[in-house]
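Heads up: the sequence shown begins at 779 in my numbering, then just goes up one per residue.
Simulated from the structure, these hints should not be mistaken for lab results. Incorrect hints may appear among the rest.
[Stated by the list, open to error] Cβ pair distances, simulated, as ranges: (1) N979 / A1064: 35 to 45 Å; (2) G915 / Q936: 40 to 50 Å; (3) P831 / S940: 20 to 30 Å.
[Said to hold, decoys possible] Calculated lysine to any residue pairs in the SDA-like style (CA-CA distance at most 20 Å, straight line): (4) K937 / F987; (5) K862 / F987; (6) K832 / A1010; (7) K832 / N873; (8) K937 / D897.
Just so it is clear, CB atoms sit at the ideal spot from N, CA and C, and this is done for glycine as well.
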Amino acid sequence: MKEKFIITSLSSTGTGKTTLMVHLAYLLAQSGLSVALIELDNRSSLHDCCGLPKPTAEFSTASILTDDFDGNYPFFPLWSDALKNKAVVCQAERNSLESVSRQLTGDPFGMFRLRECLDRFSLSHDVVLIDAPGQQGQLSLMALCAATHLIICAEMTQKCISDINALFEWLYKYKTYLKSTPEILGILPSRYDHNAAIQRNTLNQFPAFAQKFNTLCFSPIRQSSRFFNAYAMGLPIFLDSPGSTPCYDFTENGHLFKKMNQSKLKGLDEKMLQKLPAIAPYIIDAIKK
């Protein structure tokens, strides 16, 4: 496979993985890259946050994981008016994906099914994003086996630090099964609430924590009700609320410290955190190199 694969995966849900994938798909396409987004999460939430009709089992991710898949990917265009068909999505249908996952759990080669599919029927897109489930199971392992690159989403809690440690242990456990160990592009602090002192303290720890694993920490994505408003409209925040603060969290280095009340910066290592790169331009540069 010549494509670059990027996935999110963590040992807990609710860490903003789908939010990241949806907005990366939009920003990568806006930068001129062609994007295929594959939903491998049985929560099947992309139809809501992308404003798409619910897929049938025959026109969903489950269909590409079957033995009789013929290479006809069930892609649907994402926000075609804005992106001019530069981004497409293969949605999950909950029941059929869960059924396929159960069947493949008993297959010693089941974890390689998506990788084999992409090897045999290669895609022409510049980048493939895989929206993987949070829990460490068959579908997460399938995503890792297909991936070349990995982004780790993390909430600002002490539990999340232990979850990331567990994820790295899990990666090490399955390292021998992977075609190649996915390159970890970095750790993304997400759903950050600058009003919570404990989250500010946790954020201070993340750059050094990322260095422990020889990777970097991205500038955080803040918690915002604008994401929920955008999802209700089936749009990325860049189309629903252009110019809002969360947009710049994705795209502008050091935006966390702009127009911020000093009381909300209390306890933050401003000098260190201002150096953290925004995730979108970093990923775009990595792909276009």
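Quiz item: Hint by hint, which ones does this structure get wrong, listed from lowest number up?
Solution: 1, 2, 3, 5 and 8
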